[in-house]
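A.B. asks: Sequence:
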Amino acid sequence: MILYAAENGKFIEFTDAVKNNPAKLHNLYINITNKCNCACTFCLRSLKKMPKEHTLWLQQEPTLTDIKMAFSQIDKTKVGEIVFCGFGEPTMRLEFLIDALKYVREIWPDKKIRLNTNGLSSLQHKKDTAILFKDLLDTISISLNAPTAEKYLAITQNQLGIASYKAMLDFAKECKNHIPNVVLTIVDSIGADEIKACQKVCADNNLELRIRTYEAN
Numbered sequence: 001m002i003l004y005a006a007e008n009g010k011f012i013e014f015t016d017a018v019k020n021n022p023a024k025l026h027n028l029y030i031n032i033t034n035k036c037n038c039a040c041t042f043c044l045r046s047l048k049k050m051p052k053e054h055t056l057w058l059q060q061e062p063t064l065t066d067i068k069m070a071f072s073q074i075d076k077t078k079v080g081e082i083v084f085c086g087f088g089e090p091t092m093r094l095e096f097l098i099d100a101l102k103y104v105r106e107i108w109p110d111k112k113i114r115l116n117t118n119g120l121s122s123l124q125h126k127k128d129t130a131i132l133f134k135d136l137l138d139t140i141s142i143s144l145n146a147p148t149a150e151k152y153l154a155i156t157q158n159q160l161g162i163a164s165y166k167a168m169l170d171f172a173k174e175c176k177n178h179i180p181n182v183v184l185t186i187v188d189s190i191g192a193d194e195i196k197a198c199q200k201v202c203a204d205n206n207l208e209l210r211i212r213t214y215e216a217n
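Residue numbers for the sequence shown follow the UniProt record's numbering, beginning at 1 and rising by one.
Honestly, I wouldn't trust all of these hints.
The list that follows gives simulated cross-link-like pairs (lysine to aspartate or glutamate, EDC-like), each with its CA atoms no further than 16 Å apart [what the hints assert, rightly or not]: (1) LYS176 - GLU150; (2) LYS76 - GLU13; (3) LYS176 - ASP138; (4) LYS111 - GLU81; (5) LYS176 - GLU208.
For the record, the hints were derived by calculation from the structure and aren't laboratory data. Owing to the predicted nature of the structure, the values given are computational and were not obtained by experimental measurement.
Kindly generate the complete structure, drawing on both the sequences and the hints.
C.D. replies: Pasting the structure below:
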């Protein structure tokens with residue numbers, strides 16, 4: 001699925017979600033890649049069971065033409081927030097992501113747009129990427145995952161090494177210069193002590209923290 005909605009813990013085609021509940025505004029999730037530079041121990045990619053007809057695993061990465069065609073079938077009046085998310089890390093396709101964001105911003109300037117990311121794009125691409133999202137995003141949600149670099153690397157098992165934690169925090173702080181709403185997230189399953197430590201990390205770096213409910217399946 002390229003465009004989908006989340007309904008009762010399941011991922012379904014956005015148009016089907018609207019048919020099931022036409023009176024509701026549904027968040028519109030955009031899935032652009034399977035690629036990810038992390039292999040997080042809690043990731044739904046390996047833990048969530050999905051029937052074939054509702055899977056987020058892409059047979060091939062969408063083109064901008066695919067995105068435009070998919071959007072042409074969406075009833076704008078049924079859309080809440082637009083979220084670039086998916087089962088891969090969107091910033092792995094950075095240039096495409098920016099092009100897709102520009103397209104969505106152009107056709108639906110009144111809709112709020114969010115990016116869910118691991119925050120490693122600047123380290124991955126070896127340049128400042130936060131500025132690329134200026135005027136394109138209303139919110140960026142970045143996975144904090146852990147309170148220390150060592151724990152972060154152990155949890156994310158990312159390809160970029162111990163420097164990834166600082167790079168993620170630096171990216172988050174730089175995003176505050178360009179994006180109205182910058183939020184770091186953790187899952188509630190990490191335990192009270194880890195949550196408290198993450199709260200301190202965010203307070204020390206003047207960053208907002210959101211604790212989200214973890215659901216494996």
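A.B. asks: Now tell me if each hint is right for this structure.
C.D. replies: Each hint, compared with the structure:
no.	hint	result
1	LYS176 - GLU150	violated, 25 Å
2	LYS76 - GLU13	holds, 15 Å
3	LYS176 - ASP138	holds, 11 Å
4	LYS111 - GLU81	holds, 7 Å
5	LYS176 - GLU208	holds, 11 Å
In this structure, the one hint that does not hold is number 1.
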